[in-house]
Amino acid sequence: MNFNFYLIGTPGGRYSQYPDDYTASIFTELLKDLRGSQLVIHREMDLVHYVFFEYLDEGQMIGFGFIFNNARLQKPSELINLFRFIVEKKLVDSGTVYRYTEEGKLVFRVKTMSECHREYSRLKDFIELEFEQNASKYDITPLRTVYNGTKAIETIDGNATNTQITNLTDQYNTVIVKEDSGIGHGYIPKLIASLREQYQTAIQENGKLQENLSKLNRTKKQYRWVIFLSIAFLSCLIGIYFLNDNLSRIISNQSSQIRELQQNLQEQENNLSLVRDSLNTISESLDNAQNKLSYLKNDFPIQISKIEIGNVYYKGEIETNYGNVIYSSRTMYLKPRITYRGIKISEYVKLKIRWYDSDWDMRRGKNSPKGFTLEQTLFVHDGCNTVTLTGWGNKNKGAYWEKGNYRLEIWYEDICLKAKSFTIY
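Residue numbers (my numbering): 234 to 658.
Among the hints, a few may not be true.
Unchecked claim - Below, in silico cross-link-like pairs of lysine to any residue (SDA-like), each with a Cα-Cα straight-line distance of 20 angstroms or less:
| # | residue 1 | residue 2 |
| --- | --- | --- |
| 1 | 265 | 384 |
| 2 | 568 | 622 |
| 3 | 568 | 644 |
| 4 | 265 | 244 |
| 5 | 577 | 629 |
| 6 | 651 | 593 |
| 7 | 453 | 387 |
| 8 | 653 | 570 |
| 9 | 568 | 629 |
| 10 | 322 | 304 |
Honestly, the hints are just simulated from the structure, not real lab data.
Starting from the given sequences, assemble the full structure and let the hints guide the process.
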């Protein structure tokens, strides 16, 4: 597959690309007003530019550029999935371009993209092999005509179909496919940052409790010293006033004071015990936060990037295609189709699904697992994949799903991997 490939980024807050040539002026023009992520398809005569930009954190972005001569992709949404996989997996794993911080943010490890020439070669080889082995997935076809249409920009959201995107490129020389948010504002970085904040708060609370424990220990020593002095004083009184008629009363008073001091000492010891229990609880919370942080970084089986809902017959034929408007009178079985990136590859994982209506009542059947609508086993493949899960409903049209708002949640163990709200009209 013959194409030119470019690696783009803003390390240090400045635009940089590799290789650095005449395309820099084209790419920087397409980068304007970046929020989240976007795929830009730009046509000039018989050249088709595909440029993907991903917003990271604090004004930084990473991107890739392809230039095809007399060819284009009929399925550009698959190119978005490929780029997302490179951003979220390939470059994070290699760690040569950028990395995650402990606060869940992505930061560059290079000053210019020219330092990434080895990573550039590795990525280009990977992309060439991907196009060769999965040609039908991207549907790269020759251009039928040279573009002589409107020199204008059209913007469309990330839910657009491949046909809608391709048709727009026949009418406009620049088409922008926008997503709402980039990887830097995704679920995993936010969750890592949240757990990190909980961990730091627990450490601060632990320090305060340690300080209180030290104060209580000092107070305990002072009380013991007072008791010692009281006993010594009582001994002196006995020696001096042993013939005095008031000796018994003095002894009684001193004994009462000693008992009070002993009671205070016992109270302080009880407080020390409570502090030790609090320290144990904080220590367990710290361990749980660290374990959960490690789990989230390493043990997700898949990362789901998209959920689409389709309406199908009992045997699986499609009545309403995925992503289209669903009408109540035509509903039968609603099936979710997910796009995911495999992490625990070549393993079977059990996913659990919840269907909710607008009143947060869960849809369940007599064979539903506890706390869920249904469950399904999935074999995890490497890379970006699209798979259809088990549907829920009735074989008779309009018999089960009424008009209203609904919500679908996909769970793995006690973590919600992805959720989608949708409306049936």
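Against the structure, the hints come out as follows:
no.: 1; hint: 265 x 384; result: holds, 17 angstroms
no.: 2; hint: 568 x 622; result: holds, 6 angstroms
no.: 3; hint: 568 x 644; result: holds, 16 angstroms
no.: 4; hint: 265 x 244; result: holds, 17 angstroms
no.: 5; hint: 577 x 629; result: violated, 38 angstroms
no.: 6; hint: 651 x 593; result: holds, 17 angstroms
no.: 7; hint: 453 x 387; result: violated, 76 angstroms
no.: 8; hint: 653 x 570; result: holds, 11 angstroms
no.: 9; hint: 568 x 629; result: holds, 15 angstroms
no.: 10; hint: 322 x 304; result: violated, 28 angstroms
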